[in-house]
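Work the whole structure out from these sequences, hints included.
Counting from 1, position 63 in the sequence shown corresponds to residue 63 in UniProt numbering; the numbering is continuous, with no gaps.
Mixed in with the good hints, there may be bad ones.
The following label-pair restraints were derived from C-beta to C-beta distances [stated by the list, open to error]:
| hint | residue 1 | residue 2 | range |
| --- | --- | --- | --- |
| 1 | Glu56 | Met28 | 14 to 22 angstroms |
| 2 | Ile7 | Ser44 | 30 to 38 angstroms |
| 3 | Glu25 | Arg48 | 26 to 34 angstroms |
| 4 | Gln52 | Ile27 | 19 to 27 angstroms |
| 5 | Ala2 | Glu46 | 37 to 45 angstroms |
| 6 | Thr23 | His43 | 26 to 34 angstroms |
I should point out that these hints are in silico values taken from the structure, not numbers from a laboratory.
We treat Cβ as the ideally placed atom computed from N, Cα and C, and that holds for glycine.
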Amino acid sequence: MAIFEEIEHLEQEAAAFGLQWETKEQIMTQIRNECLEIEEHLHSPEQREALQDEIENWFRSKL
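Given below as structure tokens:
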């Protein structure tokens, strides 16, 4: 898959997941929120799956 097709696919996945913004401020707010949620789960080994979910959300928020 060409890089631009991959990017478009990832953007569509993110939008379907509810991660779509109009402004750069909205993007930065989402990234900060995801970082805070990751930090919360770092201190709780029994929440490894939740940590993985938050890292995935953080990654998607950067697309």
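**OP:** Given the range 19 to 27 angstroms, decide if the beta-carbon distance of glutamine 52 to isoleucine 27 lies inside it.
**Re:** 22 angstroms, holds
Subject >> Outcome for the supplied range 37 to 45 angstroms, where the beta carbon pair is alanine 2 and glutamate 46 >> reply: The hinted range 37 to 45 angstroms holds for alanine 2 and glutamate 46, with Cβ atoms some 41 angstroms apart.
Original post:
Is 26 to 34 angstroms a correct range for the gap between the Cβ atoms of glutamate 25 and arginine 48?
Top reply: For glutamate 25 and arginine 48 the Cβ distance comes to about 32 angstroms; the hint holds.
**OP:** Could you check the hint for me, namely that glutamate 56 and methionine 28 are 14 to 22 angstroms apart, CB to CB?
**Re:** 19 angstroms, holds
**OP:** Indicate whether the distance between the beta carbons of isoleucine 7 and serine 44 respects the range 30 to 38 angstroms.
**Re:** 33 angstroms, holds
Original post:
If you check the beta carbons of threonine 23 and histidine 43, does the distance land in 26 to 34 angstroms?
Top reply: Holds - the Cβ-Cβ distance for threonine 23 and histidine 43, about 32 angstroms, lies within 26 to 34 angstroms.
Of the hints listed earlier, there is not a single one the structure fails to meet.
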